[in-house]
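Colleague: Here the protein sequences line up with chains U and Z, keeping their order. First residue of the first sequence? That's 60 in the working numbering, and the numbers climb one at a time after it. First residue of the second sequence? That's 60 in the working numbering, and the numbers climb one at a time after it.
Fair warning: there could be bad hints in the mix.
Which copy is meant is left open, because identical chains are indistinguishable; a pair holds if it fits in one copy or across any two.
Within a straight-line C-alpha distance of at most 20 Å, the following computed DMTMM-like cross-link-like pairs (lysine to aspartate or glutamate) qualify [stated by the list, open to error]:
#1 Lys219 / Glu194
#2 Lys200 / Asp94
#3 Lys169 / Glu146
#4 Lys219 / Asp94
#5 Lys200 / Asp165
#6 Lys157 / Glu205
#7 Lys219 / Asp165
#8 Lys157 / Asp212
#9 Lys200 / Asp95
#10 Lys200 / Glu220
#11 Lys200 / Glu189
#12 Lys157 / Glu194
#13 Lys200 / Asp176
#14 Lys200 / Glu111
#15 Lys169 / Glu205
Keep in mind that the hints were calculated from the coordinates and are not lab data.
2 protein chains.
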Amino acid sequence: MLMDTLTRDRDMDIALSNEAPHSSVVPSGEGRFVDDYLLYLMARASHAVSAEFHTTLRRAGVQVPVWRVLASLSGSTTGETVTGLAEACLLQQPTMTKLLDRMVRDGLVKRMPDARDRRVVRIAMTPRGEATVRELLVSAKAHEAELLSRFPDIGAHRLKELLRSMAARPARGRRREAA
Amino acid sequence: MLMDTLTRDRDMDIALSNEAPHSSVVPSGEGRFVDDYLLYLMARASHAVSAEFHTTLRRAGVQVPVWRVLASLSGSTTGETVTGLAEACLLQQPTMTKLLDRMVRDGLVKRMPDARDRRVVRIAMTPRGEATVRELLVSAKAHEAELLSRFPDIGAHRLKELLRSMAARPARGRRREAA
DNA sequence: TCATGACACATGAATCTTCATGAGCTAACT
DNA sequence: AGTTAGCTCATGAAGATTCATGTGTCATGA
């Protein structure tokens, strides 16, 4: 995430030095399994395009998971739950709890009680969080537009629909061992 | 098909319960930012389909990064370099070094000297590693086929081409094109 | 030959993530 | 009610990843 999940670009500003001296990958003539494996290609593409934006995040001094939380919160008036955020950000719930600890410490979000269910903690942005995300959203939208412009012949809407349907889980099965 | 209203079928089962009960119909332009953000949709789709396969990995007692290394090694006769594997597996080089430590400890791979360059460590699978990956490859191919069969109207080849071109770095880190 | 710079991999401290579990709360059934 | 099951979030120990370096190797050119 993988999702996801990563910062590359040690060659942000200066860069260009490495003109593929060794084979970065590419072993022998025959293609590797992974080079035609859909799951790998998706992870790789996602990683690559995300890495482009992560450069912007670095410059803003915002960590990737922090950005994901802020982006997920943007537009929410009532706040999101911890578990909901974890799911949205592709993280485990305890990871999110601790990430939120840090974000609270940094003044980006605050915890609030839920009106109906006292188990639930609602996470809302502070003004500082809102200010941070506002700027980043501009960059994110610009980057997305630029990215899409690189692939003029694909329909963005159609692609997004496909991705959404792939993300919809088919059989979220907890199979208890029946045998 | 159901299209725009389906935009929220991915709404997981998490339910941002802030969906006010009275406004049951939301103007479709007013979803969360992330729900129409390409980078997020890619990460989410990648995460979801990978998670399906991770179930198989768990059953086999193989960690995700271990699988990635084995899959990347499969088919390589000369072995891969540590840096090459890190790149292939979307990890940092120190992470790969330590992951390989564990895999060596578990008898899945071995480190070998490079014939021409003594800086380089070549990673090759042990028989045990090969046996492990052989079984997993069968499952992976089956899963991929099943996954693709869920989306009959998309051309797999075309999709993969798109993903490959997205993964190719645009700006700085130019990379050779391979057949 | 000796600098110099780039490269490949390893290492340790700090950080982040995960696993397993705990405590509090809600709902449903008896 | 009382019981039970399931849910939400937090926590601590264990594990994994990253950042910043360190060590050794290679290549180039003075």
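Colleague: A separate judgement is required for each hint: does it hold in the structure or not?
Modeller: Consistency of the hints with the structure:
no.	hint	in the structure
1	Lys219 / Glu194	neither (24 Å within a copy, 33 Å between copies)
2	Lys200 / Asp94	between (30 Å within a copy, 13 Å between copies)
3	Lys169 / Glu146	within (19 Å within a copy, 37 Å between copies)
4	Lys219 / Asp94	between (23 Å within a copy, 9 Å between copies)
5	Lys200 / Asp165	neither (25 Å within a copy, 45 Å between copies)
6	Lys157 / Glu205	neither (34 Å within a copy, 37 Å between copies)
7	Lys219 / Asp165	neither (34 Å within a copy, 41 Å between copies)
8	Lys157 / Asp212	neither (42 Å within a copy, 42 Å between copies)
9	Lys200 / Asp95	between (30 Å within a copy, 10 Å between copies)
10	Lys200 / Glu220	within (18 Å within a copy, 24 Å between copies)
11	Lys200 / Glu189	within (16 Å within a copy, 44 Å between copies)
12	Lys157 / Glu194	neither (25 Å within a copy, 37 Å between copies)
13	Lys200 / Asp176	neither (35 Å within a copy, 45 Å between copies)
14	Lys200 / Glu111	within (13 Å within a copy, 30 Å between copies)
15	Lys169 / Glu205	neither (34 Å within a copy, 43 Å between copies)
The structure does not agree with the numbered hints 1, 5, 6, 7, 8, 12, 13 and 15 stated previously, though it agrees with the rest.
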